[in-house]
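On the provided structure of chain A, position chain B with the ligands as indicated by the hints.
For the record, the sequence lines run as chains A and B.
Sequential numbering from 168 applies to the first sequence in this note's numbering.
Sequential numbering from 168 applies to the second sequence in this note's numbering.
Incorrect hints may appear among the rest.
Identical copies look the same in the list; a pair holds intra-copy or inter-copy alike.
[Said to hold, decoys possible] In silico BS3-like pairs for lysine-lysine, Cα to Cα no more than 30 Å straight-line: (1) Lys-257 with Lys-377; (2) Lys-498 with Lys-511; (3) Lys-377 with Lys-208; (4) Lys-297 with Lys-499; (5) Lys-417 with Lys-356; (6) Lys-395 with Lys-356; (7) Lys-395 with Lys-417; (8) Lys-377 with Lys-395; (9) Lys-190 with Lys-208; (10) Lys-417 with Lys-257; (11) Lys-180 with Lys-220; (12) Lys-190 with Lys-257; (13) Lys-445 with Lys-208; (14) Lys-297 with Lys-257; (15) Lys-395 with Lys-175; (16) Lys-445 with Lys-257; (17) Lys-175 with Lys-487; (18) Lys-487 with Lys-177; (19) Lys-454 with Lys-180; (20) Lys-208 with Lys-511.
To be clear, the hints were calculated from the coordinates, so they are not data collected in a lab.
Note that the coordinates shown come from a computational prediction; the quantities given were computed from them, not determined experimentally.
Residue-level listing of the chains:
Protein chains: 2
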Amino acid sequence: MLNIRIEKTKNPKPLPAADDPLKFGTIFTDHMFIMNYETGKGWFDPRVVPYQKIELDPSAMVFHYGQEMFEGLKAYRSEDGKVLLFRPDKNIERANNTNRRICIPEIPEDIFLEAIKTVVKVDEAWVPSKPDTSLYIRPFIIATDPYLGVRPADTYLFMIILSPVGPYYPEGLNPVKIWIEDEYVRAVKGGIGEAKTGGNYVASLASQVKAHEEGYSQVLWLDGIERKYIEEVGAMNIFFKINGTVITPKLNGSILPGVTRDSCIQLCKKWGLTVEEKKISVDEVFKAAEDGTLEEVWGTGTAAVVSPVSHLRWENKVSKIKDGGIGELSKKLYENITGIQLGKIQGPDGWIEVVK
Amino acid sequence: MLNIRIEKTKNPKPLPAADDPLKFGTIFTDHMFIMNYETGKGWFDPRVVPYQKIELDPSAMVFHYGQEMFEGLKAYRSEDGKVLLFRPDKNIERANNTNRRICIPEIPEDIFLEAIKTVVKVDEAWVPSKPDTSLYIRPFIIATDPYLGVRPADTYLFMIILSPVGPYYPEGLNPVKIWIEDEYVRAVKGGIGEAKTGGNYVASLASQVKAHEEGYSQVLWLDGIERKYIEEVGAMNIFFKINGTVITPKLNGSILPGVTRDSCIQLCKKWGLTVEEKKISVDEVFKAAEDGTLEEVWGTGTAAVVSPVSHLRWENKVSKIKDGGIGELSKKLYENITGIQLGKIQGPDGWIEVVK
Ligand SMILES: Cc1ncc(COP(=O)(O)O)c(C=O)c1O
Ligand SMILES: Cc1ncc(COP(=O)(O)O)c(C=O)c1O
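Pulled out of the complex, with its shape left as it was, chain A reads as follows (with noise of 0.2 Å):
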């Protein structure tokens, strides 16, 4: 059993009030988690403190060498007040995953997931309870060493931080338009696009910007080697519907392996229907798109759960999908799983984690 020290803060911040949007990622509980690591020594002084800011050297190797990852999840609060976790596990073993691959001490997932509750739990009051809102947490781990010099590090600050999110669009579940991204390349095989690291997501902000420009919010990534097979968006992996079949691409090593993608998959199995992981190809998808078999196109991630795309857009052509309004999978993908982060809709065994 951990032993995690508490100090509460002596200045908390007051609550954000009832009818903040609480705008995705701008607004931080009044605690944090932390632990260090020294090559010799492993994890040690585990404790939750007053958020604060930190203090490097400017040499850290963080600043130079990119060897950080980070995690993202959410607690919800359930009608009778409850704080839920929802299937956190996936969220360590993808952590220890990420930090096997950037060669960052894997930390022990029971310590991982106690850390995790024990700051939720001193921060509970900020876990919000409107519609569409909940707490994000996101524990990252940076590199510490005062040195330069490219090799692993032998210092770590493990963090969690914490902060209370409204819906990821304000308008609820609303369809986005998605720019497939053919010049720029994300990841490649044989790379680091199945860490959940910085790299992957400084090579993607160049699309993004472009994307943004031209009127679309998101950016979809094709493989590095072909240019041709579909693989996630910026922050969701992807799924399609197409002639009553589900078809995500498959985790090939350039792909995040989402948990909200494998939640999708369980689901749409359980509810009968024929799900497949694929190397599905652009070409494909706009074929199906022209002869009316692309019933349906979404997006899978924590932040917004499920996001349907009501456009697609790649080189010179514009697909518009389902008229561009909501699929009926998407929309009951989206109910059924914050219907189980709520705690209203009985998932499947293990899915939820109580944490008070």
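Relative to the frame of chain A, chain B with the ligands by itself:
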């Protein structure tokens, strides 16, 4: 003209002892340069201040989304006591290329150069004078918005830190053993390989660890698409001399355009050698090794200038070059470039910038 505020330290550190080996990247000088950026305001408040830790919010974007860039160059002490920079304009140009690729606001070239010269002048006493020593200069930029979400930041810090360094290899010009990577990929066309940003280095760690375990000091990367064309070493570009011709991989978008690489090409051409920048496959290199036409292999980079390569390992083949010794041309390049850097040899116009 830039108005750089200078605040000198009240607690200068002792200079390293004359016999200190100055281990690369571990000792930092008394001062650092720092300048802020805010959208709408541009770069502002350039200043030289005592070397000190920086304070950042744990949500600072650099910790999560990898928006960070760096450069590396050196100041040299000439025999007559001057302080010289080697081709800083090339580093500054490359810095802004990196900035554009990863959506960091550019820094005007004259301001960048003045910042380097000013901080080096303040810490001039730290420029060492023993053979094979220099002052390593590390400019870098990090995204600092306290915000969780993937987009280019609105606030940045640009800093320059300085580190006196000894010879990269304590024994001087020293042949290295190189591991040609066949599992992992560093970068791919369309990605961020030609930018000097953390994401490329974190991607290289796992491979470096594996190579070290096998007794190889550096990793040579192949292209991410066909996995057969040679790209570059972890922190060096690579050259081959085959049958009298000097060959180095063409800049293709996934390779860092090294300043030392460019300098080697220019000098070799000046000396009447044929230099080809082209796609070269690992097969070609191993065939040349077998038929005896592979005369020399060397890496080029700011840290070690020229590193002769003694062994290349690819899959299960190991090729020993020049009986493991140092090639003539590698030696001539090393002596000429270091000679120019120290002001002993007259280099091409514009290669040397006098700080003091
Ligand atoms: C690149 C990328 N793909 C997919 C996802 C979706 O993963 P999850 O459903 O676990 O949030 C995310 C967000 O976490 C992501 O950053
Ligand atoms: C990936 C990579 N390639 C090549 C180089 C060599 O570049 P330069 O000669 O400018 O130091 C470096 C080091 O700076 C590097 O990091």
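- Okay, which hints does this one fail, numbers in order? 13, 15, 17, 18, 19, 20
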